[in-house]
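All chains should be modelled from the sequences, with the hints used to inform the complete structure.
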Amino acid sequence: AQSVTQPDIHITVSEGASLELRCNYSYGATPYLFWYVQSPGQGLQLLLKYFSGDTLVQGIKGFEAEFKRSQSSFNLRKPSVHWSDAAEYFCAVAKPIAGTALIFGKGTTLSVSS
Amino acid sequence: EAGVVQSPRYKIIEKKQPVAFWCNPISGHNTLYWYRQNLGQGPELLIRYENEEAVDDSQLPKDRFSAERLKGVDSTLKIQPAELGDSAVYLCASSLGQTATGELFFGEGSRLTVL
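Here the protein sequences come in this chain order: V and U. For the first sequence, the positions run 1 to 114 when my numbering is used. For the second sequence, the positions run 1001 to 1115 when my numbering is used.
Hints were generated in silico from the structure; no laboratory data involved. Be aware that a few hints might be false.
Pairwise CB distance ranges, derived in the manner of DEER restraints [unchecked claim]: (1) Q1080(U) <-> S18(V): 45 to 53 Å; (2) P79(V) <-> Q1080(U): 25 to 33 Å; (3) E1052(U) <-> E66(V): 39 to 47 Å; (4) F51(V) <-> R1111(U): 29 to 37 Å; (5) S52(V) <-> Q1080(U): 38 to 46 Å; (6) D1057(U) <-> S72(V): 26 to 34 Å; (7) E1083(U) <-> K61(V): 37 to 45 Å; (8) F51(V) <-> V1055(U): 18 to 26 Å; (9) E1052(U) <-> K106(V): 28 to 36 Å; (10) T12(V) <-> W1022(U): 31 to 39 Å.
Only pairs whose alpha carbons sit at most 27 Å apart, straight line, appear in this in silico BS3-like list of lysine-lysine [said to hold, decoys possible]: (11) K61(V) <-> K49(V); (12) K95(V) <-> K1015(U); (13) K1071(U) <-> K1015(U); (14) K1071(U) <-> K106(V); (15) K1062(U) <-> K1015(U); (16) K1062(U) <-> K1078(U); (17) K1011(U) <-> K1062(U); (18) K1011(U) <-> K106(V); (19) K1062(U) <-> K106(V); (20) K95(V) <-> K68(V); (21) K1078(U) <-> K1015(U); (22) K95(V) <-> K106(V).
Even for Gly, the Cβ is constructed at its ideal location relative to N, Cα and C.
Right under this line is the structure:
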């Protein structure tokens, strides 16, 4: 069965600094990969997704993620963090078969200091 | 375009009481999901519908949980009787098509507290 690990429970980054959130997955083949963001009191919003092709994926709000098959990773990055980026971030995987559900990691809480 | 609408946003009940959550998906989305999110955890799938049919309910605790999606639009998730461990946020999501190829759109969730 597939699984997702987000090793960092909580990260604090200074405003303007770069950000990298880690995500590792376990699956026999290449799954579909997603990053979602959840702001306090709000629903989950999709930041970006990877199905195939270019391993560097661009998303909304200036985020990008890189798929590395050799490391079973799909890390999320942003070159310059804004205070409004403070939220909880979830990595998710799905089998590359239509009709399967997303499996989420436990999430990483991002705090932004001024 | 309206997003996924859930109600109530908050519910506090005593254990052994029943509770129900309602979800209205985005118009035209044939796939609907109920997830449960425990504090400090990621969402976990409870049930997935394709139109009116529940195609994946393997994680739904069927002794106390039930769900329905009449006419393939709105859905209701019920817990009866509620237990202390059911305290969580219940998230509804919808998508156009099947998960692996379509983005899931989430509602704001229904936060349940069982006392």
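Structure-based check of each hint:
Against the hinted window of 45 to 53 Å, the Cβ-Cβ separation of Q1080(U) and S18(V) comes to about 49 Å, which satisfies the hint. Separated by about 50 Å at the C-beta atoms, P79(V) and Q1080(U) break the suggested range of 25 to 33 Å. Roughly 40 Å separates the CB atoms of E1052(U) and E66(V), a value that falls within the hinted 39 to 47 Å. Checked against the hint of 29 to 37 Å, the C-beta distance between F51(V) and R1111(U) comes to roughly 33 Å, which is consistent with it.
Taken as a hint, the range 38 to 46 Å holds for the pair S52(V) and Q1080(U), whose Cβ atoms sit roughly 44 Å apart. A beta carbon spacing of about 29 Å between D1057(U) and S72(V) agrees with the range 26 to 34 Å that was offered as a hint. For the pair E1083(U) and K61(V), the beta carbons lie near 39 Å from each other, so the given range of 37 to 45 Å is met. Roughly 21 Å separates the CB atoms of F51(V) and V1055(U), a value that falls within the hinted 18 to 26 Å.
At roughly 33 Å, the beta carbons of E1052(U) and K106(V) sit within the given window of 28 to 36 Å. At about 38 Å, the CB distance of T12(V) to W1022(U) agrees with the hint of 31 to 39 Å. For the hint pairing K61(V) with K49(V), the CA-to-CA distance comes to about 14 Å; that is within 27 Å, so the pair holds. Of the supplied pair hints, the one linking K95(V) and K1015(U) is violated, its CA atoms being roughly 37 Å apart against a limit of 27 Å.
Our distance criterion of 27 Å between C-alpha atoms is broken by K1071(U) and K1015(U), whose separation comes to about 31 Å. Distance check on the hinted pair: K1071(U) and K106(V) sit about 34 Å apart at the alpha-carbon level, beyond 27 Å; violated. Taking the CA atoms of K1062(U) and K1015(U), the gap is about 17 Å. The hint holds against a cut of 27 Å. With a CA separation close to 10 Å, the supplied pair K1062(U) and K1078(U) stays within the 27 Å bound.
Note on K1011(U) and K1062(U): the hinted pairing holds, with a Cα-Cα distance of about 21 Å set against a maximum of 27 Å. In summary, the hint linking K1011(U) to K106(V) is supported, as the alpha carbons are separated by about 24 Å, within the 27 Å threshold. Simply put, K1062(U) and K106(V) have alpha-carbon atoms about 24 Å apart, close enough for the 27 Å limit, and the pair holds. Distance check on the hinted pair: K95(V) and K68(V) sit about 17 Å apart at the alpha-carbon level, within 27 Å; holds.
Note on K1078(U) and K1015(U): the hinted pairing holds, with a Cα-Cα distance of about 14 Å set against a maximum of 27 Å. With a C-alpha separation of about 18 Å, the suggested pair K95(V) and K106(V) falls inside the 27 Å cut-off, and the hint holds.
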